[in-house]
Each structure stands twice: as C-alpha cells, then as structure tokens.
Amino acid sequence: MLKLKINAKQGNQQIKLSDGTFGQLTGVRIPTGGFGQEVIQWTFLSVDQIHEGFVYAGPFYDGLVINSLNAKDQYEVKMVNK
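In case it helps, the working numbering puts the sequence shown at residues 1 to 82.
Calculated directly from the structure, the hints in this document are not laboratory data. Positions of the beta carbon are idealized from the N, C-alpha and C atoms, including for glycine. Mixed in with the good hints, there may be bad ones.
Across the chosen pairs, the derived CB separations fall in these ranges [claimed, not checked]:
#, residue 1, residue 2, range
1, 3, 58, 30 to 40 Å
2, 35, 81, 13 to 23 Å
3, 13, 63, 13 to 23 Å
4, 71, 36, 30 to 40 Å
5, 76, 14, 17 to 27 Å
6, 32, 8, 20 to 30 Å
7, 35, 1, 35 to 45 Å
8, 61, 37, 13 to 23 Å
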C-alpha cells in the first residue's frame, strides 16, 4: 500500500508517495443539484506513470484507503500540515 502525504491546506498539489515517487493531485468542484451543495472529485496521476492513478469523489481524511482505477495500486491518505 502506498501512502499519499496530502497537505490539508492546499487543493491541487504535487504529492510525494511513500516509495519516493511523485504524482499530481487535482480537485474539481462539481455541483450536486442542491443550492450551494457540491462535491469535490479528486484525480491522482503518477508523474512517472509507475503507479496507476485514481478518481475519487468526496472528502479526504486521515487513513482513507483508495483503490486505483483497476485496483492495481492501493493508496492510504496521510494528512499533513506544512
């Protein structure tokens, strides 16, 4: 399992994985139909294309586990404040 160190104070950001590789995390706000309600869809892509990316909709929290698109890789979220 790879650990994603995510800075809770940033949105889009470059992520360093626990194995020393890097990826890009991008969030897009998507309206859910209700007045003022929205969800964030997160996309993660491996910079070196070593790992399989993921798409996830919802909040990140410490310890969250996300499977990659075809379940090739598994990521655990680690929240950090830099």
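Quick rundown of the hints versus the structure:
{"no.": "1", "hint": "3 to 58: 30 to 40 Å", "result": "violated (19 Å)"}
{"no.": "2", "hint": "35 to 81: 13 to 23 Å", "result": "violated (32 Å)"}
{"no.": "3", "hint": "13 to 63: 13 to 23 Å", "result": "holds (19 Å)"}
{"no.": "4", "hint": "71 to 36: 30 to 40 Å", "result": "holds (35 Å)"}
{"no.": "5", "hint": "76 to 14: 17 to 27 Å", "result": "holds (18 Å)"}
{"no.": "6", "hint": "32 to 8: 20 to 30 Å", "result": "holds (22 Å)"}
{"no.": "7", "hint": "35 to 1: 35 to 45 Å", "result": "holds (39 Å)"}
{"no.": "8", "hint": "61 to 37: 13 to 23 Å", "result": "holds (19 Å)"}
In summary, the structure is inconsistent with hints 1 and 2 from the numbered list given earlier, while agreeing with the others.
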